[in-house]
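Visitor: Each chain, written out:
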Amino acid sequence: MLARMIIISVVSMGGIGAVLALFLVFADKKFKVDEDPRIEAIAGILPGSNCGGCGYPGCRALAEILAKGEAPPNVCVAGGNAVALKLAEVMGVEALDHKRNVAVVLCKGGHAEAERRAIYKGEMTCTASNITGGDKSCAYGCLGYGECVDACKYDAMAMDSNGLPVVFYDKCIGCGACAKACPRSIIEMHTESHKLFVYCRSRDKGAYAKKVCSVACIACGLCVKDCSVSDGIALKNNLAVIDYAVAPQNDESTKRCPTKCILFGIEEQVTRKGFYGSVKKTA
Amino acid sequence: MAIKTFDRGIHPSYHKELTSGGRIERAALPKLVIIPLQQHAGAPCELLVKKGDLVQEGQKIADVKAFVSAPIHASISGKVKDIDLADHPGGSRAMAITIEGDGLMRDWVAGAVQTDISAISADALRDIIREAGIVGMGGAAFPTSVKLSPPKGKTIDTVILNGCECEPFLTADHRIMVEEAGAVIWGLRALMKAVGAGAGLIGIEENKPDAIDALDKAVGSSNDIRLVILETKYPQGAEKMLIAAAMGRKVPTGKLPLDVGVVVNNVGTAVAIYEAVNLKKPLIERVVTISGNGVTAPKNLRVRVGTTFEEVIGQCGGLKTSEGDMEVLNGGPMMGITQSTLTVPVIKGTSGITVLTARQIKPVAYDPCIKCSSCVEVCPMGLMPYRLGDYGRAHRTDDLKAWDALACIECGCCSYVCPAKRPLLHWIRVGKLKIREEAAKAAAKAAKA
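In the order they appear, the protein sequences are chains A and B.
Residue numbers for the first sequence follow the working numbering, beginning at 1 and rising by one.
Residue numbers for the second sequence follow the working numbering, beginning at 284 and rising by one.
Excised from the complex, chain B in its bound form:
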């Protein structure tokens, strides 16, 4: 099979061998969960419970009428202990529901009924997905039901499942594909049904041969689903890169994949859909890779949403204290967000917890740009990061717009390759923020006039 890929990109050290060989384990039931009301892109949820209420595992505890949003469910049964601001893995503090568990576990598998996909309508599927609170499990946590509701006049011909997992250290999607290949394929067929697409693709990087075998077997002889083997390269799993590599279609800046007739979902999302339909189980737990050189026993765990990082890392043997200072990230090392405390909870979008050691996080002073154009050569979006970085630093919004800063997908390739160690992505983020601020100001002015 020919290996496909996108233009440019980088080859970081992957370190996947730390966790790619072991089976996914089930984490111990947490005694306490902290469930933030904002776990997805879009409107934050509104409370459906109050302090002191008793909640069941899987009970809806927060929801909102807004279209771009997803309800939130209790991940353990117990008593609502507190509703207050709590540390959020996104970096700030946000409203969260704290539930103290009663130690009881619900058996979801007992009531399972294998459903025939052809027996459910597309609308019913979308409703189930929305009600189960399913969001993109790759990290961005965009509500899946919204992705599956293309505006009138737009047709979707292909659903792509994203099994690239190009972030270093993370292997959660890899293990899901190996261990739950059947559910992945079922979920993909459900997604195809929901948007009326005839074809399904699964994009996998070539460094996961066991996942490719498992999925190949699960697909069998049916010809509606195709596996696409992709080169191991970062950011292969970025939506726009994946579409370009697998189908040769280009998503223009400011447009969505559905504008080119494609919907992209993570393999974990497909499994969540399988469980929502067949087990009637909402999104209350997810597979998280706990890895990095600072963790004693790296592994993949099936973790309840709301479990604190401290508890999850504790179940992996804790931190290697001999390594000195550490950096704990929500996500992988390329796009993950550094945490200031371990009391933050795992949320729906937490695909991994990466712990880097002192040697890996040593701060480096940056030097002047020598115009070597390394960043230009690796930018998957074909931008000029050295220029955007300088403009962002100087808050020059007009120049940023002229050089298409908003097309930046913040993958970090430019900062990774820069020989002068310039924090290019950080500056571009500042620039993008300034563009958004300016737009908000203009909108406020227009609203006044």
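The following block holds chain A by itself, in its conformation from the complex:
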């Protein structure tokens, strides 16, 4: 009795399984979607973190674009040189040198430097506090609630004890998510060759800018005069603006800045290890 029951069930289930397997084999052959095999290969090479730094919606979408040849092999910002080389090989095109972008926070007005005009009690995000004009007197400076840090998927940013975000030079892959998240557009993406920055975005007149922040650009024009190339640095809307196409990347124009808001080459000194070594870990 028992043996019969086992035989019947094995045969019937096995039979159903065999029929369905045959159907699946047939369906697989018949309804097969022809896909460029390179898409799979490219998707395998891409980091798969969907950071969006390339401008396409995710790594899979980029793989399809790459397979069509509509984007250069060095388009992936997260992958760096290694991925660019592999992609060029798969796509059979000439390898292009990958240029890493790095996020630069163009404000140094933290708790110690910038004047606070109010106590903010609303939702603690930058966008929310920006609706009310923010709690700092400067209408252009960092709001200090860390939406950029939340947006970073690569653990390449943190808020320091002065209430400003720092970018870890060794970790930033240049996807630009932080720049997009900042409601005041303080964060800019720059190639590694840019070393000279004006760390201020205030378009206020010098007297007011200086009154509300000790490291504001007061548009005195000393850096403009000290720049060895004419038009390398120009004053626009009460702010020194560097033209990276011509301005020499050295410290000649930083020396006489009265508020020390134009600085040279400090970005690469900030590393993740260095930062966490300097900041006490809180539980």
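There's no promise every hint is true.
As the list claims (entries may be wrong) - Partial list, derived from the structure: chain A residues whose beta carbon lies under 10 Å from chain B:
| # | residue |
| --- | --- |
| 1 | A112 |
| 2 | N130 |
| 3 | I131 |
| 4 | D135 |
| 5 | S137 |
| 6 | A179 |
| 7 | P183 |
| 8 | D204 |
| 9 | S228 |
| 10 | S230 |
| 11 | A234 |
These are computed hints drawn from the structure, not numbers from a lab.
These numbers were taken from a predicted model, which means no experiment stands behind them.
Backbone N, C-alpha and C define an ideal beta-carbon position, used for all residues, glycine too.
Take the given structure of chain A and dock chain B to it, following the hints.
Guide: What follows is chain B alone, placed relative to chain A:
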């Protein structure tokens, strides 16, 4: 008389007794006024004077060609001391004209001629209103002349005067209705004439019986104007709620009252129109309620536009320093904007200055949503604030649009009732901002292509 109302809404503590009994007083002439170039919804004005110019009280000092805008006049006579960025009660800094007064006052009443409304054409009325720089005095400061110029094909059958004043603490409109009932009715008739409407309504909450009596007497036996008594409920004075309560008409999202044949104006605006036509006086002063538990002697003052909050509060006995930290708002506690400095000026839309004490502004941490639906039950627009709040917080613009976030009138009922103290309105504001940003980006992209 049957009491009318709208659906949902809240009943906050009103505290109106602080100022509702006293007469409106005239504030002392300020020595210095700061007059921002943007005091209204629409395009900011362009300068007509320069630093060092001598200006007369009531002289036009800024104007712009744009349709949606209103000119700005000097509120005192004196010398233009400075034209620069100054703190604005809206929360940011904006261009403003600073005038140092010479202490002289112009007598507007002396040259007054009572004008017969039937003798002025609708176009002439609109011109006078525009030239006098009159904007909605309820708080939003929308230029009145624009409201009175309906596009072709749209007819207005009713003008509603808004005398609800549902914001806690504020009593400026209340006192205006009691003390200047005649001017209110005259202004309403002028508004009706300007848009060719046959009927006029005045909506008043039932908690102002003296205002109802005064207006009733002023209307007399004429039957073109009707008083509508409304339940005391917040936000009864919101334009869309008032139209729904008084007339049973619903203004769809994204549409204006004129799409349902109605124009709504504040009672203060009606008085401003009366003064503009009969006294030839532009909008250079307004009634402001200075109230709240942090003010020594709360009262209603007739204040020149541009007077600083510091000076106005000083004339009410100053702040009660014994109360600890305070919060000073431009407007009432529900929709007012917190100020970071007392050097901001009173502008055309400043209906009140409310000072809250430390006990009233204690920050409270918020808890998770328990889906009790209190916010849904009070939302006058019939939205789902708990959902919109979460979407706004996460910047999910598609979901916000699907759940009609743009219909939100930002009255704050949801945040007021939330038992978990969630800042729902703040999140919805973030969401609305993100929708606008996205639209602006799409428009910029379309313009490029």
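Visitor: Take the shortest C-beta to C-beta distance between A/I131 and chain B; is it under 10 Å?
Guide: Cβ of A/I131 sits 6 Å from chain B, so the hint holds.
Visitor: Close enough to count: is the Cβ of A/A112 nearer than 10 Å to one in chain B?
Guide: Check failed: Cβ of A/A112 comes no nearer than 20 Å to chain B, outside 10 Å.
Visitor: With chain B as the partner, please determine if A/S137 meets the hint condition of a C-beta pair closer than 10 Å.
Guide: Check passed: Cβ of A/S137 comes within 8 Å of chain B, closer than 10 Å.
Visitor: Would the hint on A/N130 stand, with a C-beta cut-off of 10 Å toward chain B?
Guide: Where the cut-off is 10 Å and the nearest Cβ of chain B is about 9 Å from A/N130, the hint holds.
Visitor: Next item in the hint list is A/D135. Is there a CB on chain B closer than 10 Å to its CB?
Guide: 8 Å, holds
Visitor: Verify the interface restraint on A/A234: the C-beta must sit less than 10 Å from at least one C-beta of chain B.
Guide: 23 Å, violated
Visitor: Close enough to count: is the Cβ of A/D204 nearer than 10 Å to one in chain B?
Guide: 7 Å, holds
Visitor: Mind checking the CB of A/S228 against every CB in chain B and telling me if the closest is under 10 Å?
Guide: Constraint on A/S228 not satisfied, violated at 35 Å.
Visitor: Return the status of the interface hint for A/P183: holds when the least beta-carbon distance to chain B is below 10 Å, violated otherwise.
Guide: With a closest approach of 9 Å, the A/P183 hint holds.
Visitor: A closest beta-carbon separation below 10 Å is what the hint needs, so does A/S230 meet it against chain B?
Guide: Check failed: Cβ of A/S230 comes no nearer than 31 Å to chain B, outside 10 Å.
Visitor: Checking hints one by one. Is A/A179 an interface residue toward chain B, by the C-beta closer than 10 Å rule?
Guide: 15 Å, violated
Checked against the numbered hints above, the structure breaks hints 1, 6, 9, 10, 11 and satisfies the rest.
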